[in-house]
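**Q** First to last, the sequence lines map onto chains F and D.
Numbering of the first sequence is given in the numbering used here, commencing with residue 1 and proceeding in unit increments.
Numbering of the second sequence is given in the numbering used here, commencing with residue 226 and proceeding in unit increments.
By construction, these hints were calculated from the structure, which means they are not laboratory data.
Being a predicted model, the structure only gives us computed values, none of them experimental.
You may find that some hints are simply not true.
[As the list claims (entries may be wrong)] Here are a few chain D residues that face chain F, going by a calculated C-beta distance under 7 Å:
#1 566
#2 570
#3 572
#4 582
[What the hints assert, rightly or not] Output of the computed footprint for chain D on chain F, the stretches with three or more beta carbons under 8 Å from beta carbons of chain D:
#5 29-43
#6 81-94
[To be verified] Derived DEER-like restraints, expressed as beta-carbon distance ranges:
#7 F/134 / D/252: 26 to 36 Å
#8 D/543 / F/166: 28 to 38 Å
#9 F/82 / D/590: 32 to 42 Å
#10 F/143 / D/584: 41 to 51 Å
#11 F/199 / D/499: 39 to 49 Å
#12 F/2 / D/518: 38 to 48 Å
We put the CB at the ideal spot given by N, CA and C, even for glycine.
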Amino acid sequence: MRIGMVIDLEKCLGCRTCAVACKQHNAQPPGNWWNRVFTPGSKYHLIKPELGSQYFLPVSCQHCDNAACEKVCPVGATFYSKDKAVLVDYDRCIGCRYCMSACPYGVRQFNWEDPKETHKKIEWIEGGNNYGYQEEHKYDDRLVYSPIREKGIVEKCTFCVQYMDAGEKPACVRACTGEARVIGDLDDPNSEVSRMINNKGAYTLIPEKGTKPKVFYLPPKRKDN
Amino acid sequence: MKNYKLILNIVIALMLIGVISYIIQLTTGLVVTDMNNSYSWGLYIAGFAFFVGNAAGGMVLSASIYMFGLKALKPFAKIGALAAFANVIGAMLCVVIDIGQPFRLLNMLIYPNFSSPLIWDVIILSSYAVLSLLYFYVLRFPEIAPEKRILFKDVENAEEFSEKTAKTLAPIALLFAIGIHVVTAWIFATQGAREWWHSAVLAPDFVAVAVSAGTTLVFLFSIMVYGIKEEHKSAYKIMTRFISIAFFVHLFFMYNDFFIHAWYGNEHALHTLAVTLGDYWFVHLLEVVLPLMGILCLMKSKILTKAKVYRASFFILIGVLAHRFLIMPAAFNNLPLTISPMGQQNGNWEYPLASGRFMEGAELFITNHNYVPTFIEWSILIGVISTMTFVVVKWHKLAINK
Numbered sequence: 001m002r003i004g005m006v007i008d009l010e011k012c013l014g015c016r017t018c019a020v021a022c023k024q025h026n027a028q029p030p031g032n033w034w035n036r037v038f039t040p041g042s043k044y045h046l047i048k049p050e051l052g053s054q055y056f057l058p059v060s061c062q063h064c065d066n067a068a069c070e071k072v073c074p075v076g077a078t079f080y081s082k083d084k085a086v087l088v089d090y091d092r093c094i095g096c097r098y099c100m101s102a103c104p105y106g107v108r109q110f111n112w113e114d115p116k117e118t119h120k121k122i123e124w125i126e127g128g129n130n131y132g133y134q135e136e137h138k139y140d141d142r143l144v145y146s147p148i149r150e151k152g153i154v155e156k157c158t159f160c161v162q163y164m165d166a167g168e169k170p171a172c173v174r175a176c177t178g179e180a181r182v183i184g185d186l187d188d189p190n191s192e193v194s195r196m197i198n199n200k201g202a203y204t205l206i207p208e209k210g211t212k213p214k215v216f217y218l219p220p221k222r223k224d225n
Numbered sequence: 226m227k228n229y230k231l232i233l234n235i236v237i238a239l240m241l242i243g244v245i246s247y248i249i250q251l252t253t254g255l256v257v258t259d260m261n262n263s264y265s266w267g268l269y270i271a272g273f274a275f276f277v278g279n280a281a282g283g284m285v286l287s288a289s290i291y292m293f294g295l296k297a298l299k300p301f302a303k304i305g306a307l308a309a310f311a312n313v314i315g316a317m318l319c320v321v322i323d324i325g326q327p328f329r330l331l332n333m334l335i336y337p338n339f340s341s342p343l344i345w346d347v348i349i350l351s352s353y354a355v356l357s358l359l360y361f362y363v364l365r366f367p368e369i370a371p372e373k374r375i376l377f378k379d380v381e382n383a384e385e386f387s388e389k390t391a392k393t394l395a396p397i398a399l400l401f402a403i404g405i406h407v408v409t410a411w412i413f414a415t416q417g418a419r420e421w422w423h424s425a426v427l428a429p430d431f432v433a434v435a436v437s438a439g440t441t442l443v444f445l446f447s448i449m450v451y452g453i454k455e456e457h458k459s460a461y462k463i464m465t466r467f468i469s470i471a472f473f474v475h476l477f478f479m480y481n482d483f484f485i486h487a488w489y490g491n492e493h494a495l496h497t498l499a500v501t502l503g504d505y506w507f508v509h510l511l512e513v514v515l516p517l518m519g520i521l522c523l524m525k526s527k528i529l530t531k532a533k534v535y536r537a538s539f540f541i542l543i544g545v546l547a548h549r550f551l552i553m554p555a556a557f558n559n560l561p562l563t564i565s566p567m568g569q570q571n572g573n574w575e576y577p578l579a580s581g582r583f584m585e586g587a588e589l590f591i592t593n594h595n596y597v598p599t600f601i602e603w604s605i606l607i608g609v610i611s612t613m614t615f616v617v618v619k620w621h622k623l624a625i626n627k
């Protein structure tokens with residue numbers, strides 16, 4: 001099993017619900033965003049696209065098969081799960097940020113300060129209004145999710161390992177208003193993701209970097225004004 | 226060395242400032258630096274590359290005494306080995322101050338990932354530290370009273386043993402001296418994500434810079450402990466030659482790389498050049514002009530004076546530090562996720578990323594960061610430099626040939 005995702009850009013409305021759901025469900029501290037949606041070509045960020053010439057492109061961890069971050073990690077804190085998702089062991093990461101430099105997609109986020117301190121800046125009281133999935137989650141006895149991160153460690157998209165292990169889909173897939181996101185087994189030629197990739201001509205981001213991403217995109221159709 | 230006590234006290238004071246700043250960083254996190262998610266390595270890693278570079282010279286010099294028969298350099302062998310040791314310590318400290326979870330440092334020994342060039346570097350740097358200490362001990366061996374020797378206690382002819390062992394160690398030391406630069410360069414050069422680093426010329430270039438800077442440091446130390454001496458004249462000439470040739474080789478490697486990219490005109494590669502030669506043109510000017518001035522000062526002066534050597538080494542070392550600083554901007558201010566948007570004629574568009582630094586009213590999604598090291602970063606780095614200086618000053622008497 002190789003877990004992968006297809007994002008159909010034709011169906012993406014640019015509502016950014018996936019980014020918000022991702023941030024909320026994974027309790028990301030202020031300043032860190034695992035998932036972001038921009039309009040390629042726009043001069044200013046977070047504006048509506050120009051009709052016919054711009055489109056929305058959501059980017060989060062590409063869960064590469066040849067993941068530079070996994071190879072450079074000096075302590076093996078970044079590792080492949082059994083279905084080849086790329087995960088980070090929060091207990092093992094030493095915070096050298098080598099992976100952030102090696103990742104061509106800019107999806108790795110660092111805890112520059114104690115998230116508890118950043119929470120104060122946004123006047124959020126812990127325990128008062130719980131934010132995100134509240135349990136710690138271990139995969140193979142390794143801490144791959146915790147609602148409050150320690151300072152000085154790296155975090156990123158896990159394909160919502162805490163939900164996937166419980167048989168549920170990632171937050172972004174469930175939240176997508178246009179149903180543009182599909183997750184499934186890339187090794188199974190009959191899975192929905194495989195069929196979408198084969199039949200609809202999916203592409204990956206900056207393939208020239210040789211990272212072999214497992215997130216695929218279906219190009220949007222061009223529109224006449 | 227005159228003013229020994231004074232120098233030592235100043236160094237200890239600076240070390241204390243460094244320690245205090247480090248405690249602040251340790252308790253509040255790396256938020257006290259000016260780094261962020263897009264500009265994830267800064268002054269500390271530049272310092273790391275700088276010290277690794279300086280560490281080479283000592284052993285290259287010491288090794289060439291025996292391998293190439295440059296006997297004139299012999300009085301400087303011990304200083305070289307000591308300088309090498311101090312710089313490796315500095316380099317390793319730079320890794321410690323840079324990481325977010327220093328208390329987990331032992332994970333590198335418990336769970337080493339052998340595909341990571343950083344692990345190779347830690348291994349080769351620690352071996353090099355041990356090797357340079359051993360080399361220092363062997364060179365000093367005849368001067369140590371027999372009852373005070375820690376290793377090789379039953380050797381009878383100390384002079385002969387020292388000479389012979391140093392000869393055997395020389396080629397090994399040279400290999401490691403080159404190895405630390407190659408592996409350090411590989412930390413950067415293996416990153417296919419960063420156009421600026423992903424070049425086969427980076428490792429040879431690191432070696433060239435190292436020979437130039439490392440020799441400068443040994444030159445400086447030897448003038449500090451011996452002063453200018455008539456009988457060392459030929460050694461000065463050889464060292465000046467090492468410094469200048471290595472620096473010209475470095476210039477060739479650097480501009481060769483620039484030229485190839487500029488000629489082909491790939492937009493992404495041109496952007497890296499625009500960062501180095503445009504945004505940071507002044508730092509680039511420093512990295513080229515200062516060392517050239519230093520070298521000219523050493524080559525042109527008929528009568529060397531202490532002041533001239535100090536000035537020249539200062540120019541060269543500051544220039545090399547500027548060169549190391551420039552490792553970062555063109556790599557981090559040129560995002561790898563630069564795409565050609567579908568259906569548009571203009572090609573290069575950088576995909577913004579979250580800075581990770583939440584501040585009210587500040588731009589959160591960025592493509593560019595004008596990195597300026599904070600006071601804390603500088604004072605911690607100065608703390609590292611003074612720790613190295615402490616090692617050298619404290620032990621410099623052991624390095625003098627009587």
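**Q** Hint by hint, note whether the structure agrees.
**A** Structure-based check of each hint:
no., hint, verdict
1, 566, "4 Å, holds"
2, 570, "10 Å, violated"
3, 572, "10 Å, violated"
4, 582, "5 Å, holds"
5, 29-43, "holds (count 9)"
6, 81-94, "holds (count 3)"
7, F/134 / D/252: 26 to 36 Å, "27 Å, holds"
8, D/543 / F/166: 28 to 38 Å, "58 Å, violated"
9, F/82 / D/590: 32 to 42 Å, "34 Å, holds"
10, F/143 / D/584: 41 to 51 Å, "29 Å, violated"
11, F/199 / D/499: 39 to 49 Å, "42 Å, holds"
12, F/2 / D/518: 38 to 48 Å, "58 Å, violated"
The earlier numbered hints that this structure contradicts are 2, 3, 8, 10 and 12.
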